[in-house]
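Undergrad: Sequence:
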Amino acid sequence: MIRTRFAPSPTGYLHIGGVRTALFNWLLTHRHGGKFILRIDDTDTERNRPEALQPILDGFRWLGLNWDEGPEIGGPCAPYFQSQRSERYTVAAMQLLETGDAYPDYMTKEELEADRKAAEAAKRPYIHRGPHRHTPASECVRLYREKPTTLRFKIPLGQESIVEDLICGHCVQKTDLIGDPVILRVDGRPLYNFASVIDDVDMKITHVIRAREHLSNTYVQVPMFAALGAELPKFGHVPVINEPNSNKKLSKRDMKKFLTPEIRAKLHAIGWTDEQIESRDDLNPVTVAFYREMGYLPAAVVNYLGRLGWSLDDKTEFIPLDQMIANFGLERVNDSPARFDPDKLYWLAGEYMKLLPMPEKVQGCIPFLRRAGMIADPPSPAELVKLGRVLEASGDRIKLFSDVLIYGGPFFRNDPIYDEKAVTKKLKKAGAADVLRGFVPRLQAAEQFDAPALEKLLHDYCAEKNLKAGDLVHPLRVAVTGVEVGIGLFDTLAILGREETLRRIDMGLKLG
RNA sequence: GCCCCCAUCGUCUAGAGGCCUAGGACAUAGCCCUCUCAAGGCUAAGACAGGGGUUCGAAUCCCCUUGGGGGUACCA
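My numbering numbers the first residue of the first sequence as 992 and each following residue consecutively.
Rather than coming from a laboratory, the hints here were simulated on the basis of the structure. It cannot be assumed that every hint is accurate.
Stated by the list, open to error - Pair by pair, the computed Cβ-Cβ distance ranges are:
(1) ARG1330 to GLN1045: 24 to 34 Å
(2) LYS1114 to ARG1255: 41 to 51 Å
(3) PRO1067 to ARG1362: 13 to 23 Å
As the list claims (entries may be wrong) - 30 Å max Cα-Cα, derived BS3-like pairs, lysine-lysine:
(4) LYS1257 to LYS1165
(5) LYS1390 to LYS1345
(6) LYS1416 to LYS1390
(7) LYS1456 to LYS1419
(8) LYS1257 to LYS1459
(9) LYS1377 to LYS1345
(10) LYS1419 to LYS1459
(11) LYS1195 to LYS1239
(12) LYS1225 to LYS1247
In this text, a Cβ means the ideal position worked out from N, Cα and C, and glycines have one as well.
Based on the provided sequences and hints, a complete structural model is requested.
TA: Shown next, in the form of structure tokens:
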């Protein structure tokens, strides 16, 4: 049985790249049957932000990426927070100290820095080996007990650190080129490279699937597994994801820069105020949270992420989760970096929305209408009926739940918001008002007020008056909805009903 | 500086020496459909980074160059 893990550090908000890595772990686990473990790498207490954890967990839950062991649910290898495992790291470090695989290093940061500068000036690699590297183990133990300091792992020399990577293939690094890494800080807290190894051993991780930037860490970690007498897990280093329109790695620092004026406008359009946006620093298009708030279907996000760096074959783009699980394998993970492309994600969102059953579509749209203050909480039965009719008539126009505001807005507001340009172009156009006015009696007299009947009514009228359908359709649409775009006109009128249609035509005519 | 990794249309990708005149998808453009906008249909434009090998034959294998990325922390 395989055991995989994803180990986010709550130092900032989780971005798309991290989620993609987690997804690959999750898929591999579900493909082969195993456990997916969530472990929190919070050893860096200076940069750690406890409030960043919850959004990460929420994001996973929203996407449906459940974890078998980890925060909130525990498991046989608890605790799953590195900050609560310090004793374990201390014990392991002391073990290495006693076996002669670690040694204390009393050099100060300043001395280290000077060494590094000197090495760089001389154009040779900087490889630190502490003075106590060759001190006998028993003496090292004594020194460390007397005066605790940083503990370094003793990289074995004259060897090659070999990683048979499931994605990168055969990767090699000469150990002579690897400096002895610090495993415990002066204050006893462990460093990533060490804590990660200990946890992977303790949690019996069989497959370490992580971002490519950890490949060089792996060369350091391989000898640690050996020194610990532990079996080496399999590794797979997935390529990084780059920022949109850039070949720089997506980083969790400076994510605010993705909150462009255009993105901000989109958020405004669905009812977010600037204050609300500012209070949420995870609200930008490289986080999962953003897509949830915009009303993307999580299945589309998962599909998109899964296809980013992995492919099923030469043509399949739409790959629902069960199909992805059944076919996922690291051998088809691409070897080179991928760029995040919001356009393709948007297209996939539409594809998934097409397939969503109507009751779920209705439920998904409600929060957006509510946020915009267009429906009651909970919605009245009449509102639900109307929403159903609007969504039915909207067809494939709704790709995101938030699109309900665009297509449903005119139906859930008391009065239309008249778009100035539309009014000028369609309603104030020469003759338009007269055409519209002339059609009113027909609407008043119509026997039936449903879409097919209205269509016939309008076409008959146009034929009679020798008009093109558009001559009446356009002004009529603007009069009753205020805008030029929307769902089919006859559905629009039918949903509004005769009385409301006539009232709005009257409003529109007053503008002209 | 040193080390490691990567390199096919704008983007995601297919491609395991002949199925390649390099396939698909997103985006783009045009046309059709049409009451607008979507959706749908059709079409167009668009790539093997460069140079050397190996081979009868290279996008595919090797080397070099170039370009890009990552690491080089008492960050993860």
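Undergrad: So which of the earlier hints does this model not fit?
TA: 3, 4, 8, 11 and 12
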